[in-house]
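Peer 1: If you're matching them up, the sequences are chains Y and X in order.
Each number in our numbering corresponds to the 1-based position in the first sequence with 2 added.
Each number in our numbering corresponds to the 1-based position in the second sequence with 1 added.
None of these hints come from the bench; they were simulated from the model.
Please note that a few of the clues may not be correct.
What the hints assert, rightly or not - In silico lysine-lysine, PhoX-like type, Cα no more than 20 angstroms apart, as pairs: (1) X:Lys48 with Y:Lys52; (2) X:Lys48 with X:Lys157; (3) X:Lys157 with Y:Lys119; (4) Y:Lys143 with X:Lys301; (5) Y:Lys85 with Y:Lys52; (6) X:Lys301 with X:Lys260.
Said to hold, decoys possible - A few chain Y residues facing chain X, derived, Cβ under 8 angstroms: (7) Val51; (8) Val60; (9) Arg61; (10) Asp69; (11) Ala70; (12) Asn71; (13) Leu78; (14) Ile79; (15) Gly89; (16) Ser95; (17) Cys102; (18) Leu105; (19) Gln106; (20) Leu114; (21) Tyr124; (22) Gly128.
By construction, the Cβ of each residue, glycine as well, lies at the ideal position given by its N, Cα and C atoms.
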Amino acid sequence: MTINYLGSISANDLPATFTKFFVEPVSVGFPSPANDYLESPIDLNQYLVKNGAATFLVRVSGDSMLDANIADQAILIVDRSLKPKHGSIVVASLDGDFVCKRLQLKPRLCLLPENSKYEPIYIQHGQDLDIMGTVTAAINKFE
Amino acid sequence: MKFLALVDCDNFYASCERVFRPDLKKIPIVVLSNNDGCVIARSKEAKAMGIKMGVPWFKVKKAYLTQGGKVFSSNFALYGDLSKRVMNILDGMVKKIEVYSIDEAFLDLQHIQNLNQAYEFGVYCRNTIRQWVGIPVRIGIAPTKTLTKVASHIAKNKNNGTGVCCLNNQEHVAHILKTLPIKEIWGVGHNLSKKLNQLGTYSAYDLMQMDIRFIRKKFSVVLERTVRELRGEQCIQIEDHFEPKKQIVVSRSFRGRIKNLSELKPLISNFAVRAGEKLRYEKQKCSQVSTFISTSRFNKQLQYRGFNSFQFPCPVDDTRSILMGANKALNKAFRKGYPYAKAGILLSHFSHPTVIQQSLFEAADQKYLKQDTNLMQTIDALNNAQTQIYYASQRPAGLSPIQKEMVSPKYTTNWQELPTAK
């Protein structure tokens, strides 16, 4: 191997582009190959809430809906704009208290718990029942 | 035929308190102002008990509670959230909406061709809001804003339950206006209605019949517009753009009475700090700060109301300047020897921060005018994140303290306060 000494260089000898002062950080290396594919991160609201103006959160107290995968302290997503059907899980006010149960319309109006420890609630004549909304999801937190 | 609608929530704050309290369905409800001073909202049942709007709570408390009424301190986190939901739903129904207040909105029903459709829309709108949010509303539909107010008034008093009133037919309108006292008309205040009464004008119908030129000459263009609107001529448009605030007020009634200037100062400072935050939130600057103090209106022997203003040489939004101005105004408004029951401050003469007029004497003013946008932004950010930064003239210990002993949970805005279901 041979080495040819070409002489020393000073900053003055460098082409102008080399000495340019960069005020902003300059990214070096390759641009991220993902740049063209950037998407917004997954948004749980988008997944859980269809109609924001009509959606309310309700906390569960008790285990009467355990077999429907609704544990004590779960957060229910309640959509007031969905018409409750036979078999929907609903939040209803019964004689002034909120309850979460499965709605049975036939053969008889009834609120069904999902836990064999509890009895079905048959709505008696004169009892005050209002369906607040349909439960579209429940969030059980483990930790 | 063009139709406008006014959607108005019934007894809004009281209705909000009921959304998550089905047990209070038919129970009388009243809501109190900040510091639990006066009644500011009543349910239908509370009205029927004879509780008047604005009455001091202590005057009716005993009788109301013994008759089984329920009382709440105001919970604006809840009312604001439910209001937003109502307005969002309305916004989805029409092309143009003007949110007029926390519980009222004007709608432009461009898409509606005839009266039947208008009525159907009203019923649909009312049912949807009732079902989706749980708030009862009434709807007045008419060709002009002023007439929608009249229609809404009728929808409220008609107890047949649809909560929707359409005013369109000339004869029908005339018939209704004959029974409507002049002071009930939108934009006609107490003083104006007195003046008009002196001229022999008592009903809305009388006003509608008056000569337009006479009205313009003797009164104002504003009243002229009202008359034209009563006749069905659209003069006041739906304003769907954002209208910036013209002034900011922060005031409170005290539990006890305050006599000393040294005790008033920290309170005024607290108000000034809060007003400054609001001002910057609105992205405004103000050129004037005023301080007002007053004795209780129930103390007939010792009555005094003080009001004084301080003008800034150029618009500011820095709390330190507002504090300085508010305290200078307080010193001038204060008189010794009175038991003060209420105080507040008012920011006014706004200009947008980007269009600042430079003061000729700015250099000279600098020494006592403080203006530092970065500092204010930093303090606002910290205070929003629950760290509290206080100004020396405030009294942090006396701060928490808007008295709210009977406030309901923030059902929709706080994870810890969600409603529960068994």
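Peer 1: None of the hints should be skipped; say for each whether it holds.
Peer 2: Evaluation of the provided hints:
no. : hint                   : result
1   : X:Lys48 with Y:Lys52   : violated (38 angstroms)
2   : X:Lys48 with X:Lys157  : holds (13 angstroms)
3   : X:Lys157 with Y:Lys119 : violated (48 angstroms)
4   : Y:Lys143 with X:Lys301 : violated (60 angstroms)
5   : Y:Lys85 with Y:Lys52   : holds (14 angstroms)
6   : X:Lys301 with X:Lys260 : holds (17 angstroms)
7   : Val51                  : violated (12 angstroms)
8   : Val60                  : holds (5 angstroms)
9   : Arg61                  : holds (4 angstroms)
10  : Asp69                  : violated (16 angstroms)
11  : Ala70                  : violated (13 angstroms)
12  : Asn71                  : violated (16 angstroms)
13  : Leu78                  : holds (7 angstroms)
14  : Ile79                  : violated (11 angstroms)
15  : Gly89                  : violated (18 angstroms)
16  : Ser95                  : holds (3 angstroms)
17  : Cys102                 : holds (4 angstroms)
18  : Leu105                 : violated (13 angstroms)
19  : Gln106                 : violated (17 angstroms)
20  : Leu114                 : violated (14 angstroms)
21  : Tyr124                 : violated (17 angstroms)
22  : Gly128                 : violated (14 angstroms)
Checked against the numbered hints above, the structure violates hints 1, 3, 4, 7, 10, 11, 12, 14, 15, 18, 19, 20, 21, 22; every other hint is satisfied.
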